[in-house]
Amino acid sequence: MSVIGNLFGRSPIRPMQQHMKVAAECARGITPLLGAMAQGDGAALDAARASIDDLEHQADELKHEIRRHLPQRLFMAVERRDMLEILDNQDSIADVAQDVAELAALRRMQTPPVLQAPLAALAEAAIATCTQSESVVNELDELVETGFGRHEVTRVEEMISQLNDLESRADERGEEALRTLFSIEDEIGVGAYYWYEIIGWIGDIADYAERAGNRIRLLIAS
Amino acid sequence: MAWGKVGQIVASWVTSPLIGGVLAFLIFRLIRSQVLDEDHPIERLTRLGPVFFFYVFFIVGLVTLFKGLKNLELDYDLPTALGLSVALGVVGAVVGLLVIRRAAAKVRGVQGGDPFRQVERVFVVLQIMTACAVAFAHGSNDVANSIGPLAAVYGIVTSGAAEQKAAVEPWMLAVGGFGIVVGLATWGYRVMETVGKKITELTPSRGFAAELAAATTIVLASRLGIPVSTTHILVGSVLGVGLARGIGALDLRVVGSIIVSWVATLPIAAALSVFFFYFFKGLLGP
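For the protein sequence lines, the chains are U and B, in the order given. Just so it is clear: in the first sequence, position 213 is 213 by my numbering, and no numbers are missing. Start counting at 1 in the second sequence, then tack on 1000, and there's your number in my numbering.
It should be emphasised that the hints constitute simulated quantities derived from the structure, not laboratory data. Positions of the beta carbon are idealized from the N, C-alpha and C atoms, including for glycine. Each hint should be verified, as a subset may be incorrect.
To be clear about the criterion: a stretch of chain U counts as covered by chain B if any three or more of its residues have a C-beta under 8 Å from a C-beta of chain B, and this derived list gives those stretches [claimed, not checked]:
no., region
1, 10-21
2, 69-82
Sample of chain B residues facing chain U (criterion: CB under 7 Å; computed from the structure) [said to hold, decoys possible]:
no., residue
3, 1022
4, 1037
5, 1107
6, 1110
7, 1114
8, 1246
9, 1248
10, 1251
11, 1253
12, 1254
Produce the entire structure from the sequences given, and follow the hints as far as they go.
This is the structure in structure tokens:
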């Protein structure tokens, strides 16, 4: 009868949720980073970057663990490919946050005063998108528990719809920030390129967060 | 050697888990759409649950009473057996209704609960019922594996010749039953604990669906006189629930090992039997 005991495999859902939590924490690290950049505080900048690096490393470890434990023989309520794609998008959140931190720290970037508010607003929108995506991913185990029941599915679709709205908002804020950047590009010279990168990357954080959530909409539908 | 019968038995090893799986799939889909997806799941279950109770008691009754108790000299004709089974089913439904209502009341008494979680607690009642049904079905099928040869040997020893149909005396049934109870009381407890801890993902609603499907399949096989593996049918049923997306993750290695056992068990057991037969024959003289 131990046959029945061995029949239940290890579901990757909890590890996935754990990974998302770390990736979202990594994205949230952008706030203190931007704070340090606005102040021109070198020590704080390095500390913020170290923190983001650490979290990104944790996320990588978790990602490898999850991939290692998704053998072909595991039959799941959620398709393997869907899980792996969601995982990739989650991980990209952490990767991009690390890119931002690395560039900012290496160049000792100090935010031009006029750019500070738009940049902070963009970061807030991106992080809000991440947080919403985290909530959606956290519903995965509920989805399975209710056997993809009608109520839970409707609830999650609602949440993903909100996620789409948040990403649109982040897009708008990104545009605002770029507009401000282009207005001062002559003043800051070649640095404009690097600020362009930073703005793009923070926008990407929201993008990847939305993609992770959208993938879940697809897997509900199947 | 009735090779035709052997072929029939091997075929049933393969088809019985499949049937269990299909049934479990359908049953889980049914309870999901009729109970879990509904707005007031506990109320729905209170109305649907007794129907399941009726079904199980009816099937068990019918299978037992109609040509099932011949060796105990109780042979009912079809109309009588049907009538008695329906009556038994109704009794079961009433009992079920009372027990479910009590469980539902207890669950509603808890403050601030999510009805969609709480309905699982009410499903526990149904799962216990179907677990008993599986135990009954298991007994009706598996005990034959040990008692059948006993009956055959006893028949040979008492009449001096190998008969086609060995009569199963009541005392043999008692021996079989006693053996199962002793096994259960000693090792069974430990095994149940171990398996129970490993399968926490099998919530009561899923367990109910799988066990109802398994019990039905096993009882059907017993009625047709086909020996089947209750474990394999249960695995098939659980997989059926998994296919309906009721379970997080299932390890299909188990399925692989089952298929290997189908292929290997019969030849190996046959070879060993042949060996032991000639061994004892040589040992004990002509």
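Proposed interface contact between residue 1251 of chain B and chain U, which counts if any beta carbon pair is under 7 Å: The hint holds - residue 1251 of chain B has a Cβ within 7 Å of chain U, the shortest such distance being about 4 Å.
Hinted contact residue 1254 of chain B with chain U - closest CB pair below 7 Å: 5 Å, holds
Check of the region 69-82 of chain U against chain B for coverage (Cβ-Cβ below 8 Å, three residues minimum): holds (count 5)
Interface restraint verdict for residue 1114 of chain B against chain U (beta-carbon cut-off 7 Å): 10 Å, violated
Hinted contact residue 1037 of chain B with chain U - closest CB pair below 7 Å: Since the shortest Cβ distance to chain U is 4 Å, the answer is holds.
Agreement of hint residue 1022 of chain B with chain U interface, Cβ distance less than 7 Å: Violated, about 16 Å.
Cut-off 7 Å, beta-carbon criterion: hint that residue 1248 of chain B touches chain U: 3 Å, holds
Hinted contact residue 1253 of chain B with chain U - closest CB pair below 7 Å: Since the shortest Cβ distance to chain U is 5 Å, the answer is holds.
Chain U contact restraint on residue 1246 of chain B - CB to CB distance below 7 Å: With Cβ-Cβ at 4 Å, under 7 Å, it holds.
Cβ contact check, 8 Å cutoff: the region 10-21 of chain U against chain B, three residues minimum: holds (count 4)
Supplied contact hint for residue 1107 of chain B, tested at 7 Å Cβ to chain U: 17 Å, violated
Closest C-beta approach of residue 1110 of chain B to chain U relative to 7 Å, hint status: 18 Å, violated
Checked against the numbered hints listed earlier, the structure breaks hints 3, 5, 6 and 7; every other hint is satisfied.
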